Each structure stands twice: as C-alpha cells, then as structure tokens.
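Protein chains in written order, with our numbering: chain A, 1 to 403; chain B, 1 to 403.
There could be a bad hint or two in this list.
In this list, chains with the same sequence are indistinguishable; a pair is considered to hold if it fits within one copy or across any two.
[Unchecked claim] List of simulated lysine to aspartate or glutamate pairs, EDC-like, C-alpha gap at most 20 Å:
#1 K289 to E51
#2 K24 to E72
#3 K24 to E95
#4 K353 to E403
#5 K289 to D55
Note that these hints are calculated values from the structure, not bench results. Treat the numbers as computed from the prediction; the structure is a model and nothing was measured.
Okay, here's what each chain looks like letter by letter:
2 protein chains.
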Amino acid sequence: MTTQMKFAARMDRMKASEIRELLKLLEQPGMLSFAGGIPDPALFPADRFAEAYADALSPARQAQALQYSVSEGYLPLRDWIAGRMAGLGIPCGPENILITSGSQQALDYLGKLFLSPGDTALVQWPTYLGALAAFNAYEPRYERLEINDNRPAAEITAAAGDGAVKFAYLSPDFANPTGRTVDRAGRAALLARAEELDCAIIEDAAYQGLRYEGEEVPPILALELTQKGDLDACRTIYCGSFSKTLSPGLRVGWVVAGAEVISRLVLMKQAADLHSSTINQMAIHQVAKAGFDAHVSGLRAVYGRRRDAMLRALAAEMPEGVEWTRPEGGMFVWLTLPERVSGAFLLEQSIAKEKLAFVPGQAFFADGTGGNSLRLSFSNSSEAQIAEGIARLGRVLRQALGE
Amino acid sequence: MTTQMKFAARMDRMKASEIRELLKLLEQPGMLSFAGGIPDPALFPADRFAEAYADALSPARQAQALQYSVSEGYLPLRDWIAGRMAGLGIPCGPENILITSGSQQALDYLGKLFLSPGDTALVQWPTYLGALAAFNAYEPRYERLEINDNRPAAEITAAAGDGAVKFAYLSPDFANPTGRTVDRAGRAALLARAEELDCAIIEDAAYQGLRYEGEEVPPILALELTQKGDLDACRTIYCGSFSKTLSPGLRVGWVVAGAEVISRLVLMKQAADLHSSTINQMAIHQVAKAGFDAHVSGLRAVYGRRRDAMLRALAAEMPEGVEWTRPEGGMFVWLTLPERVSGAFLLEQSIAKEKLAFVPGQAFFADGTGGNSLRLSFSNSSEAQIAEGIARLGRVLRQALGE
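This is chain A alone, in the form it adopts within the complex (with noise of 0.2 Å):
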C-alpha cells in the first residue's frame, strides 16, 4: 500500500482495538452500563416513524423522497426548526439554517471552516469528546475556555486578541460530560470576551431541550442577537440535533447562524457528501410537526426520574471525599474523586468484581488532567439499575480507598 496516508500518529492513539475489547467486555450478562451517552431506545416514537416512512414512501411523495435533494435541506423541515428556533428567542428564515447529518457534522464542518494548523480553539474543560475528535483534523491548540456553573465568568482566560483564537466551543446546556450549565451571567460573560478576541462562538445544544428542572436559559445565540438586533451581525453559531429526542439513527442535525456563515456551510456540505438523507429528513419533520413537545415532554419525566434516583442513590452509597454535579437536565453526572483514585483504575476493578461500566474522564480533558473523575449516564438504565448500579460503584471505590 502507499505511503503518503496523513494523520497516522495522531490517529493510532485513539485505540480502536482497545475500545473494541472494553465492548464486549459489557456484553457480558449482568453487567450494567452508566458509560454510553445515548438515548434510551424504548422511549424513540418508533410507531409515529413507522407511520412517516410509510408516508414518504406513498405513491405522491416516493420520487422525492428517495431522490437527490439540495444540500441546504428539506425545506419543510427547515421552516418547522426556524418556528423552534423563534420560541427560543432566534427568529430566523431557512435561509439561517443547514441541516447536518447529526450535530457531529456541523461540529466538523465548523473545524473546517475555521481551523488551520496551529490556530487556537478555546474549548469547555472538560469537553465533549466527539467535538476534539471532529477539530483534531484540522490540527488546532486548545486552550481552556473556564466557564461553568461553580465559578466567576470572570476566569473565562484567552489568548490576547491577535486573531488566534478562531473559536470558543462550548456546550452550555447540561453539558457531556458534567451535566453543568452556564448561567445567564456566564453566557454574557463568554459573550463579551468572544468581542474582544473577535471569535466565534460555537453552542452545542445538543441537550437543550431536556431540562428537568429551574428556569430555562436563553441560548448564547437569543442573547447576542437582543444585543446587536441581526442575526446577520451575530458571531454565534447555534447547533442543534433531533439524535437526543426523537432518533440518533436517522442522523439529523441543523446549524443556526447568518445567511454568510450558513451559504458557506452550504457549499462545504455539497463538496462533503451533498447533502443529508432526504427520506430521513421528511421522516423527522412528519414525527417533529405531529408533536415533538408532547414527546419531549414524556422524555423529561422518565430521564428527570432517573437523574432523581442517581442523586439519590449517590447521596446514600459515596464514601466521604467524593464530589458529583447536580445537572438539571441532560444525560450526565459528573463525579470528582479523591486526587489519589484513578477513573481508568476504578473502570478496571469496576467491570471484574461489579460488573458495572462508566467513562473514565481523562479522555474528555484536552491536556490529559482530570485521572481522578468519572462521568456517569442516566439516560438509559431504570431506576432499579441506577440504584443497584451506583451502589455496587459504592462498594469499588470504597475498597479503592481502601475503606
């Protein structure tokens, strides 16, 4: 084979054959899982897509559905979304919005559009994984982007505004992987900063709209465009995915950001791969139109069930020295050991004596810091497996510190 392949050292760190051995390690009977991110799939309304495909497939709708479409997306759906997007305080055109193929695509598109070798991306610390995945390829340094709940948006540090720092990348709504949000406060805050660097602003609000608890806040998005009036003038860019609420499988995201930034968004997505599925596209905008707030509406009370019951059950089974986050919506919990625990070690003992799963949190920090932090999935596991799960955690970390 040829030589000339880039990107292989980089590339070889991650492992593959490593997390393939982990994986079936979970299979075994018995074990349960808090490691994957993902929506329960007894709650996606298979039955409402069932009824959707069918749909697209009828005879009036079949040429279209199962042919080439515009790169921009289905129209249609993108009228429903900019409706959304309005409720949250953006009103916006289709003109404003590119449908991805997940929230993941956009993540990548924006890499590419803004990072070149040795640029500077200001990222939350930690940070969703899949979004250093997506910018690695384009070769960026990280620097941290502190801002969160528990501390004065006055920390927010950066390099000096030398045109740099091409983005801020944030998750601002419960986020992967600790489950915290930045206040109104943080996100005026990020929001000044972002002016002074001249950079953007990628929001990921991938969780957005799973809050189980306090008062909404509005996206960074809906505050920069009350302050300069335009979306057009705004430096945020907003993206959102239906993979949390109606279906990952599907792959269906949007982007929300000035007609500039989305035509050439547009342009990369038709050199990339064309566009998103067309079936899938009027699929989700036939199950979203038919009633997207009552279904996230069901989601919020079993997933906000489930945060209760692990809040719950961690306050009963932690030993003294353990921290966690107490996310009001989303899918995680972040826990803070004691400095001397391993998160990977604890993964180890975890999965042989308990037989119970989680993400060690090194790999969502970009410098490697945080061994001694776990982060934990509610979303799909009963309240039953939670309570049994977090208390067979109890019993590893108590023999770790040697209790």
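With the hints as your guide, set chain B onto chain A.
Using the frame of chain A, we list chain B on its own:
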C-alpha cells in the same frame, strides 16, 4: 460576525445565486433537461423500500434501527457488499469495508486522509465536478491524468516520484462527464505508473454496474489484487455507491481497501459524523438482498434504450464538426463542438430559444479549458423527450454555427 472564516475567496467563485437563477429557469413548463446526472425516480424500487422500512421499524428491530450504531457501518450490509466485491474479483471481509454517506463522502474523507495544501492530485481530464469540490477543501495542485479509451496508455503523465503526488483519481467505467471507459490495458498502465509514483489510486465506481453493451472490464482493484495477492498490499481504494442503482436519497455508499486504510477512515468518519444512518443501511441491505441483480438488470434495459435513442438522434441531428462519445454504460454522452462555439453561450441560447438544458463542459476541467464541450445526460428523459431534445439542440447549434 467574526472575520475568522477560511475559504472565502474560493467558495464565492461558485456563485450559488447564479445556480439558483438557472434552476428557476429550468422549472418553466415545456423545459427539457439533459443537465442533471440523476437516476429516473420512476425506476426506484419504492415498494421494496416501503417494506424494508416497515420491517426495520417492526417491534423486534426498531430499537436498533433508530439508535446510534458503529462507525464502520451495519455489519450485514458490509457482509453483503463483501459478497458482491468477491463477484467482481475482489474477495474481502467486512474489515475491508466502510459504509459512507454516498460515495461523495468517501471522496471527502480520502482528500482529508491524503492531501495537505500544495500536494499533487492526478485527476481525469475532464473530471467529475464533485470530486474536484471535495478535494479543493484540502488545497491540492491538480495534474492531468491522461488516460481514456481514445488515447494510448503511454500518455499517462505525472510529476516525478518525489512523493508530491498523493493519489490518482478516476472513474474508470462510463465516467462522469465523458461516458468513457478505461480499458484493461489502460488500467494496467495506470497501476504501473502509480507504482513508480508510490501514490494511491482512487477508483470511483459509481456507475460500475450500469453497463449496456460490451464486455465487463475488471475493477482496477481486482487487477491489482491479482498482481499482489493481498488486499493489504494494494494501493487502490475502491468507492462504490447505491445512488445510481437503488436510491441516492438514502445516502449510502462504501469504500473497499486494505484493513489499515479502512481503520483510518473509520476513525475519520467517527470524528466527522459518527456513522451513516442506521435505518437507511438496514433498508438498503434488505432491498439489495431481496433482488439487487434483477433490479439493476431492469435499469440497464431502460437506460440502455435511452442511450441508444440519444446516439441515434445525435447521428440524425448534429451538424458537421460536432463529435460525441459512445458510452458503453452510465448516464452521459459528451459532445465536443467546433472550437469557436462556447458551451456556456450555447446553454444560454438553448434555454431561451428552445427550452433545453444541459451542462457546459468547462466546469469539468480543473484548468478551466474545455469551453467547446457539453455534457448530456440521458438517464432521466424518455426516449421521446430525448428525440425532441436532441432536435432542439441541433437547431440551436446550427444557428450558433451560422448555418
């Protein structure tokens, strides 16, 4: 908005607004179009897809169909493709296959894998426009890959083997836009040249199954595998697609290569969009399994008659000095006009005076030459529309030539 975006100048060249204006004109009543290289939607196996989606959403399968899945692609589909590839002389396993969102996505990922700014890509001349668009994002230099059925293979030209040439890209069967096929000797010569250059070969097989006459030519990858005996030792990367045979709207294609190349592309796909749509892969698998050959054989009969109708009409209607290709398959006939006639001017005249559309050839040349050529697609017009459309083209041409 921020000033940090890349690509401004290059992308603005593509003038989306002009394309939209043109598309509006195409919607006039009575317009005939040989422009789009798209399948005839009346030939989609829509009923089989309706069954396949209903099955994928049955209680036993819906949780899988709507959920996240592995970046490599749906295993039963990769197994099915492996069986097809064996029939083409490329025995392989699922570890040699990545499912992509159309073969367009494979071209984007291969550009990302191989190209850094200033690297050289050898491309057919003229070339599939979407390949140039995909590679452009990685800023290569293009050099002419001179190889087609009208010229001796010895004319393959390229830079010296100093590692600057990263790959040779071609569509060897009924290429878009020319309809030409590279014969077995041409493929062998290309393999020898790639060996000297130590570069990859990207074999775009989008039209491979759509042959209407003449003998099958083995894929370049099959020829290389015969020489080397081991897929992992091969430098050819085969890109296949279901877009021209089953449906483009589902966005399902695939790449076949040695396991190391595939494992790097899998990591790239994971970072870029996680995976292609789960439910669409399941649907394509079911429809393909149930009768791929019978379906494609039906397509070949219909498209073959349309090709015949176009060649017959061209022979009857074209004035002196116009030449055209005689494709053995695919969707395109390529016209070369007398030097003084511009394809772009002719399109303007043709839309205004005769309500006929096609694609001027210049767009397909990386160096902007080829002004006196046109691409005509016969796949999405009836035989009667083809006869009428070519008569219109004859009138416009004779007028342009002052006859």
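Verification of the hints:
For the homomeric pair K289 and E51, the shortest alpha-carbon distance inside one copy (13 Å) is at most 20 Å, but the shortest distance between copies (24 Å) is not. When the C-alpha separation of K24 and E72 is checked against a cutoff of 20 Å, the pair qualifies only between copies, where the shortest distance is 16 Å, while the shortest distance within a copy is 39 Å. In the homo-oligomer, the alpha carbons of K24 and E95 lie at most 20 Å apart only across protomers (17 Å), although the nearest pairing inside one protomer, at 45 Å, exceeds that limit. Within a single copy, K353 and E403 get their C-alpha atoms as close as 16 Å, which meets the 20 Å cut-off; across copies the closest is 89 Å, which misses it.
Taking the shortest Cα distances, K289 and D55 sit within 20 Å of each other inside one copy (14 Å), while across copies they are farther apart (24 Å).
In this structure, every one of the numbered hints holds.
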